[in-house]
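Q: Listed below, chain by chain, are the residues.
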Amino acid sequence: MSSAILAQDVFTTPSVEWWSLSPIIALVSGALLLLVVGALTPRWPGNCYAFYTALTSAVAGGLAMMQWDDISDEGASTLVRGALAFDTLAQFLTITVCAATLLVALITGDELRRAGDDGPEIYALFLTAAAGAVVMGAANDLIVLFLGLETLSLALYVLAASDRERTASQESGIKYFVLGGFASAFFLYGIALIYGGTQSTNISEITQSFRTSVLIDGQDSLVLAGIALLIVGLGFKVAAVPFHVWTPDVYQGAPTNVTAFMASVGKAAAFAAMLRVLVVAMPFHRDDWRPAIWVLALLSLVVGSVLAIVQSDVKRMLAYSSVSHAGFILVGIEAAGHDAGESVVGDGLPSVMTYLLLYSVLTVGSFAVVSLVARNNGGDTSLAAFSGLAKRRPTLALGLTVFLLAQAGVPLTSGFIAKWGVIQAAVEQESYAIAIIAMVAAVVAAFLYLRIMVSVWLQTSDQPVGTESIPFATGLAITAAAVFTLFVGVWPDWLLGATETVTNYAR
Amino acid sequence: MQMIVFVLASLMVLTGAVSVIVMKNPVHAALGLVLTLFGVAVHFVSLDAHFLAAVQVIVYAGAIVVLFLFVIMLLGVDKSEDLSIEPFPIQRPLAIVVGGGIIGLLVAAIVRARDTIAEGTPLESDGDENIRALARNLYGDHVFAFELTSILLIVAVAGTVLMTRKSKKEVGK
Amino acid sequence: MLDVIWLIPAFPLAGFILILLFGRKLGEPKAGFLAATMVLASFVVSVGTYFDLLSMDAHDRHHVETLFSWVPVSSLQINMAFLADPLSIAMCLFVTGVGFLIHLFAIGYMHGDPKFSKFFLYLNLFVLSMTLLVLGENLLVTFLGWEGVGTCSYFLISFWHTRDSAATAGKKAFITNRIGDWGFMLAMFLGFEAVGSVSYGTLNGAAESGALAQSTATAIALLLFVGAVGKSAQLPLYLWLPDAMEGPTPVSALIHAATMVTAGVFLMTRMNPMLAAASDYAPTIIAWVGAITALFAATIAVAQNDIKKVLAYSTVSQLGYMFLAVGSGAYVAAIFHMVTHAFFKALMFLGSGSVIHGMHEEQDMRKMGKLIKLMPVTASTFIVGWLAIAGVFPFSGFWSKDEILLFALVKSPALYAIGLVTAVLTAFYMTRQVIMVFFGEAKWESHAEEHGAHGEFKPHESPPIMLFPLVVLAGLAFAGGIIQLPSFGIVPEAWRHKLEQWLEPVIEAGEAHITDTGAYDNKAWLAVVASACAFAGIGAAIAIYAKHKAKPIEPKILADAWKYDSTVSAFMGGPGRKAFDAVAWFDKTIVDGAVNGTGKLVQGTGGQIRKLQTGNVRNYAGIVGVGVVLLLTWFVLGRGVL
Amino acid sequence: MVRAWSGGAVVSAAPVDFPILSMLVFLPAAGALIIIMLSKRRPELMKLVAGITSVATGAMSIWLLDAFDTQNDGYQFVSKHPWIEQWGISWHLGVDGISLFLIVLTGVLFPLAILGIDPHNEDPAQDKPYFAWLLLLEAGVMGSFLSLDLFLFFVFFEIVLVPMYFLIGGWGYEGRVQAATKFFLFTMIGSAFMLVSIMATVFLAKNNGVGHITFDLVEIAENASFAASTGRWLFFGFAVAFAVKVPIFPLHTWLPDAHTQAPTAGSVVLAGVMLKLGTYGLLRFGVYLFPEAAHWSRAIWLTLAVVGIMYGAIAATMQKDLKRLVAYSSVAHLGFIVLGTFAFTTQAITGSVMQMINHGISTGALFLLVGMIYERRHTRQIADLNGIQKAAPIFAAGFMVVMLSSIGVPGLNGFVGEYLILTGTFLTARWWVVVASTGVILAALYLLWAYQRVFHGEPDEANRNFPELKLKEAAVLLPFIGIIVFTGVYPKPMLSRIEPSVKALIAHVEEKTGFVEPQPKQTQVENDE
Amino acid sequence: MILAMAEPTTTYYMILAAVLFGIGATGLLVRRNPLIMFMCVELMLNAVNLTFVALSNRFGNIDGQTAVFFVMVVAAAEVVVGLGIVISILRRRPGATADDLAELKG
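Chains as they are written, first to last, in our numbering: chain A, 4 to 510; chain B, 98 to 270; chain C, 12 to 653; chain D, 265 to 793; chain E, 730 to 835.
Careful: at least some of the hints might be erroneous.
Each computed DSSO-like pair below joins lysine-lysine, with the alpha-carbon atoms no more than 27 Å apart [said to hold, decoys possible]: (1) K567(C) to K378(C); (2) K584(D) to K36(C); (3) K394(A) to K311(D); (4) K736(D) to K654(D); (5) K41(C) to K126(C); (6) K654(D) to K311(D); (7) K574(C) to K622(C); (8) K378(C) to K469(C); (9) K129(C) to K654(D); (10) K304(D) to K36(C); (11) K767(D) to K344(D); (12) K584(D) to K599(C); (13) K654(D) to K41(C); (14) K574(C) to K378(C); (15) K562(C) to K454(C); (16) K654(D) to K126(C); (17) K509(C) to K469(C); (18) K304(D) to K394(A); (19) K562(C) to K574(C); (20) K589(C) to K574(C); (21) K834(E) to K611(C); (22) K129(C) to K736(D); (23) K736(D) to K304(D); (24) K454(C) to K558(C); (25) K785(D) to K767(D); (26) K129(C) to K734(D); (27) K384(C) to K454(C); (28) K736(D) to K126(C); (29) K126(C) to K785(D); (30) K734(D) to K311(D); (31) K560(C) to K381(C); (32) K558(C) to K384(C); (33) K567(C) to K454(C); (34) K622(C) to K834(E); (35) K381(C) to K469(C); (36) K736(D) to K36(C).
Hint data in this document are derived by calculation from the structure and do not stem from the laboratory.
Given the structure is predicted, the values throughout are model-derived calculations rather than measurements.
Kindly produce the complete structure, drawing on both the sequences and the hints.
A: Set out below in structure tokens:
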């Protein structure tokens, strides 16, 4: 009897691949260390918090890069009982997230120290959020994915509201929180329904169950409904129309550095998660979800660019432009949907990952410039605040121009490579319609970037304003981002070579 | 017997839920929430999820709702909200459509799948088996998720600290 | 000499370049003499070439001098090449010859003009183009000259460009000519398509050998005629010529009487095999256009009071004669009349120039009269010209006109009749002019003050340098007939049909053969009739304007040139301009409007959609909810249940 | 001959170890970089650097003219290096008879524009961006004419928009920003279609004969064989982009605004070389890549071309703004070029290529002169100008020569091109020519009328002291006039270089489609020499 | 007692959950008090929990219950953070409702 119980109790703890988990561990432990030490020590001098954070994310990213070769040698695998996937898809996202976090950390320091409430918490939140993002990208279990999503989201809610000087910040915080909770409830319900249809929340097992069981149309209506709700949850995070409603308000209200973080890390992680859920987990329903993605892409492209050009606040413009960028990425996912799960696949997946990295860097750079200009104009981010920038700070104007041209997809910038990639993927799958729509939308959006450039270069500020100061860290971030943008634009081969491998993800 | 329990518990759940969204006074709404939570707990019991039933009562009804009430009192937002006026005329019809639509479609999906939904050997729920199984699963397959929750909680803590810490200005006052 | 015919255009070119570079330094009168010398030089070369050809056997008188390959593209090979044959050399002779005389005259006439050297710059450029035109071995080289003379006439007509009328006249001339050029170009395209070349040799050869379809030949011939109509101021494109009188008088003499305007006739003669190969109606059309133009212009000339306008319309009329000849297959006669006309019309233009000069830029004949006393040389030479154009025996005009009428009669009695009437009118209005200018009572005294002549005003005779050309031309105008004397008993055999024999190799294909027609047998009588007409006209004019036996018949309609010009310009300025404006409006409003409208539309849509972004979190939740419902509908109903 | 375009094309006949073509692209770009590096406190340096680099580039392009092998109808001085191997993209440059003179024109125009035209910056610091943008523009244009790789071409085709946008928007006249934006977006819409088309071409070519992913123009053109319908769609994509750039009616409305608002240098370059991107593209990427589609759709093109000729001319006649008038005249002139392109005869296409250059020269010069007028009188309104010929005869003479070449008077460059186009087109599309050649009349109409209003008549107070042509201005104008006269009188050197490549192109078309170039009946009679 | 006879199948529970979820969603759209909006989110989460448990019972697969466990953690964390934000806002502007927070719009 007792022996039976004992026998029953014999329980092997799962083996934990510490090395493979090291990036996440690095981020988390970095955050913990910062919290503990930061709580015990007086405020660190200068920009130490920022550089510490940057260093941490650099370490994490570096670890991920080191693991790259292991994966390409031994192939993809899963970690801790299939909780996480250990593949280049995850690693690339990790690198993207770390890079973005690094840049954001650099601009955050200057932002906070000006406001005078520099402190460890915010950086810790950034790091943990990054960890959550990494988990989202690597999750091989919907529950894990959900937890990662929540980690990221909760941190972002707080960060959005973190500037207690401005009511706008708090308003954005609460809006983001309420809608975020709403959306994650749907996401969760989606998981439940998937569980109902497949008896598991583990992606490998889910795909397995589809592979074994024959799908009769409609019989798996639970799964279908589940997919719908998952798309809602992720669509909300990636700001795809019509789940984008929060984006403009939150982007505008949140502190600029946080906005940068949302637009880069948040988006990237959510899209990676979307790839996991749709392409990796649901290849057998690709014909069900592809049309939905198609429509979302269309709406995001059109609404995003059309609304962007009627804005007068630059942060808001960039928010809407990020919506239309989301549309572009969705085009890539739609392309990936044509041959999801097959042995040989097209460029859909790689193009999306490329886009994520390039866009993250771009957008952080843009917001970095915005933060400096806003600081110089007493927090004003309206278009008027940018007029005459070229006269005051040619270098800054040049940087901004690079980022804007890249976002417009002008050749020899990374943005062109990114756009070219997704459109090429779409054309490869012969979905010409969406490709052309995307390009036309890009033209409409281009008008927006032209507007900003016009006021930067061709107009002069009506009221006298001081010259923007360019703090070291922020300057560094901007320079790095700009150089990267141009470098990739001219020589993208290595990057494409890397992203090419994400197609053999852990199944 | 089972059925009766189900019906009664369901009544609790729905009454509570409805009262949450119709009660003018936040406090009453909170109480409605409690009712729902208890109802759900009852369902858990009848579904042999004893441990979760317990947690449901303790954590939800115990901790969370109390937290709600506490905040309500703290901020004195317990003055009742006038539900008769709605600044956005479209909002309520929209709410009905959305709510109804969601319910209808989900129910449709559920009903459609009722026959095909897989059936396995029910878990033995005698004694502490449920807890053991849960524990094994938690520390076995889902150990990473379990660890992840700790990060989640750290975020929650750090976040709340940040939110509630007075900013320089406020300190100045 | 033949292999240096390129010298003929080369000299004027040199003159052009020299004056372009040093014109201002040379100034007056050196620039003028330089220019004149150059033209004289090419005249000398022409003469030399003439004798070279003469020394050859008639049928070898055909030499092509290729300078370089101009437009070579695969099957299209066009050379910058000159053709020396009887026709081109004959043209060169009188172009450079008359040109030289007019240059001399101009030196005197343009005396004191601030743009003296520029005037000779243009004149040399003109002679260059004209020689290119006549010497061209293929249509394209001719076209080069063709456009060149057109451009020069544009420059020279609007030489006094500060006068709006002059500027407008120049523009009008150029554009009207362009309409003709359109036909010329199409003819070239067609020719190239038909025979793969535009050189006269190939085209005419194909026409003679019958390798060319008759329809094609007709098309080419008529299209070229369109060009000729433009250049030689025939109906309906003659409009520009009367206005062209805005230019300095030497220009009118050189370009708008002697040389350029005859280019059309030259072209038709040059292409006469094409015309021969064309359907019969082609030459008929040409003949009728010519005849009607001749009559039409003559009627107008009757009522003109501007000394130059009269001559201008008479030029149009005489050109009509030439086309009548061409149409009747009388190419020799056409060239013959071209030459004689060049003599006497140049003479009279220069004469009128001399008069205008003497009258201090007065052109209105009603303010002249009795000038024979004051400018005897001018008057006497002018009178020679008058008798010549009137067709009085034995002046040159008599012979050429007579020959044309002979061919016209063979072609059709109607044409002959028109020709006669025109002859009468010609004699009439020329007599009228002579009387009004040189005889009758001196009306200029009463107008003295108008001429800004301080004190007592007195017309004066022109300087010798202007009179010399007059005298020479008068001689030619008198004796010009000898180059083509008919076969009359009294005329020595050796002197007969010189020009015909000379041109024979060129025009044998097209020349009509009339020796065995009734008209030819009675050509003595025809001559008598023609002379009678001439005297009738003269007599009538004397009766009216000298003896005042009857009131002058000068109806307004004739003075207004049958209102043709005014109608056309009214149309251009009215409906034509409206149509153009309509297009401009369409472009601005519709096409561009559509583009800008799209932009507006997009922004407008944005403005509408953004209203959804109320900023209220519950609305946002609602929008998200709608999205949820739609997605669920697609998945559950679209893909699942249904 | 066909092989010359494929195999033979890649190996240059006169192999030069010096990467001349790449230098043509990089040198201006480098110059721009240097200028950006320079301190803005030394404005005089900017012009110096810009001048040196552009002159050097021009010199190289002229050397190219001399080193070019007239016998070879393939691509010469080819330089090909892998660039983005992941996508089968390579840095592939080459020049043949069709692009040669466009290169030279670019090389010659830019130094003139840079050294000869004063941007009139009230703030000398503005010189820096101005010259930097100009040089970048030159690099872009050079690249577009040289690239033999679809991706590469698209990159350059797009990149030129940016400098042009800033030149118009930054140094233009009253309505500059609006005009610049219109220009930018309008062209981008076109390229949007081309981009998709390029990609589709590449993927479809992979499955239709090429076998692998490559953006190499020659490889695709020679080996790929698309189904008729497919080819037509792909062609359409390209065609839209080029039609906007040319511009072809009714997509032309960006042009008058852009030309009118652009600074003089901008207009000169825009008219001189940038419009040719469209016509050149139609030849190189339209006809060469999709012979079937191009030939199939020729009727549409010919008609649009003729409409453009008439329409542009008529619209030009009615303009009140001298610069706008010249701009509309471009619409008409480019109509001729398009006409010749889609006539598919050696003469016509050779004429088109030549006319691209001629138009660049004469219209460029016209914009130059209009710019001078504006500098002197600060107005472009015809109504405000009169009697200038009396005030400034030499200036007027210069204008006259350029104008006559634009009208197409024989003996000047404009005529030869126009004549070749028309006479060649007559072989395949007679009736279009009959209409098109009336454009010659209209050209005389609007230009002479404008000339009369501006130059003739008695000058009023404002124009009485119109300054005469300055020596420096004359120095800029003279090269234009020299080329105008020389090519008019002796076009052979040009034609002999263009013709072989055109022949090869037509042979390519004949090979890919059933089409046979019609030859005139050669009846060689007598011509006794 | 017919009720006594019948056994409530999983479907019953799921339908109940669906209804509960819908009510929660509706509530979020109609209530203006941020706290009550949170409560509505809690309702939705409970619906999810119920679904999970019912399914896990049906499958005899404990994963569902584990999931519920995590959901509860998340719910708790969310509430904590949410309340933190709400407090910091209502401190500044007492009695603010969701509708009052609409400065950012367009």
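Q: Does each hint hold? Answer for all of them.
A: So, going through the hints one by one against the coordinates:
Restraint check for K567(C) and K378(C): the C-alpha separation of about 19 Å stays at or below 27 Å, so the hint holds. Between K584(D) and K36(C) the CA atoms are separated by roughly 39 Å; this puts the pair beyond 27 Å, and the hint is violated. Using a Cα cut-off of 27 Å, the hinted pair K394(A) and K311(D) holds, with the two alpha carbons roughly 20 Å apart. Restraint check for K736(D) and K654(D): satisfied, since their Cα atoms lie roughly 21 Å apart, inside the 27 Å limit.
With a C-alpha separation of about 13 Å, the suggested pairing of K41(C) with K126(C) holds against the 27 Å cut-off. Note on K654(D) and K311(D): the hinted pairing is violated, with a Cα-Cα distance of about 35 Å set against a maximum of 27 Å. The straight-line distance between the Cα atoms of K574(C) and K622(C) is roughly 68 Å, outside the 27 Å bound, and the hint therefore fails. Restraint check for K378(C) and K469(C): satisfied, since their Cα atoms lie roughly 13 Å apart, inside the 27 Å limit.
Straight-line distance between C-alpha atoms of K129(C) and K654(D) comes to about 13 Å, which keeps the hinted pair within the 27 Å bound. Between the alpha carbons of K304(D) and K36(C) the distance comes to roughly 48 Å, so the proposed pair goes past 27 Å and is violated. Pair hint K767(D) plus K344(D) holds up; C-alpha atoms about 25 Å apart against a cutoff of 27 Å. Restraint check for K584(D) and K599(C): the C-alpha separation of about 13 Å stays at or below 27 Å, so the hint holds.
Between K654(D) and K41(C) the CA atoms are separated by roughly 23 Å; this keeps the pair inside 27 Å, and the hint holds. Distance check on the hinted pair: K574(C) and K378(C) sit about 25 Å apart at the alpha-carbon level, within 27 Å; holds. Restraint check for K562(C) and K454(C): satisfied, since their Cα atoms lie roughly 18 Å apart, inside the 27 Å limit. Simply put, K654(D) and K126(C) have alpha-carbon atoms about 11 Å apart, close enough for the 27 Å limit, and the pair holds.
Our distance criterion of 27 Å between C-alpha atoms is broken by K509(C) and K469(C), whose separation comes to about 46 Å. Using a Cα cut-off of 27 Å, the hinted pair K304(D) and K394(A) holds, with the two alpha carbons roughly 12 Å apart. Distance restraint check for K562(C) and K574(C): the Cα-Cα separation of roughly 23 Å lies within the 27 Å cut-off, and the hinted pair is therefore satisfied. Taking the CA atoms of K589(C) and K574(C), the gap is about 22 Å. The hint holds against a cut of 27 Å.
For the hint linking K834(E) to K611(C), the alpha-carbon distance of about 22 Å falls within 27 Å, and the restraint holds. Of the supplied pair hints, the one linking K129(C) and K736(D) holds, its CA atoms being roughly 24 Å apart against a limit of 27 Å. For the given pair, K736(D) sits about 26 Å from K304(D) by alpha-carbon distance, which is consistent with the 27 Å threshold. Among the hinted pairs, K454(C) with K558(C) is consistent with the structure: their alpha-carbon atoms are about 17 Å apart, no more than 27 Å.
The straight-line distance between the Cα atoms of K785(D) and K767(D) is roughly 19 Å, inside the 27 Å bound, and the hint therefore holds. Taking the CA atoms of K129(C) and K734(D), the gap is near 21 Å; set against the 27 Å cutoff, the hint holds. Taking the CA atoms of K384(C) and K454(C), the gap is about 13 Å. The hint holds against a cut of 27 Å. A distance of roughly 25 Å separates the Cα atoms of K736(D) and K126(C); the hinted pair therefore holds under the 27 Å criterion.
Using a Cα cut-off of 27 Å, the hinted pair K126(C) and K785(D) is violated, with the two alpha carbons roughly 51 Å apart. The hinted pair formed by K734(D) and K311(D) meets the criterion: a straight-line CA distance of about 20 Å does not exceed 27 Å. With a C-alpha separation of about 19 Å, the suggested pair K560(C) and K381(C) falls inside the 27 Å cut-off, and the hint holds. Simply put, K558(C) and K384(C) have alpha-carbon atoms about 19 Å apart, close enough for the 27 Å limit, and the pair holds.
With a CA separation close to 22 Å, the supplied pair K567(C) and K454(C) stays within the 27 Å bound. A distance of roughly 9 Å separates the Cα atoms of K622(C) and K834(E); the hinted pair therefore holds under the 27 Å criterion. A threshold of 27 Å between alpha carbons decides the hint, and for K381(C) with K469(C) the separation of about 12 Å falls inside it, so the pair holds. Our distance criterion of 27 Å between C-alpha atoms is met by K736(D) and K36(C), whose separation comes to about 23 Å.
Comparing the model with each earlier hint shows violations of hints 2, 6, 7, 10, 17 and 29; every other hint is respected.
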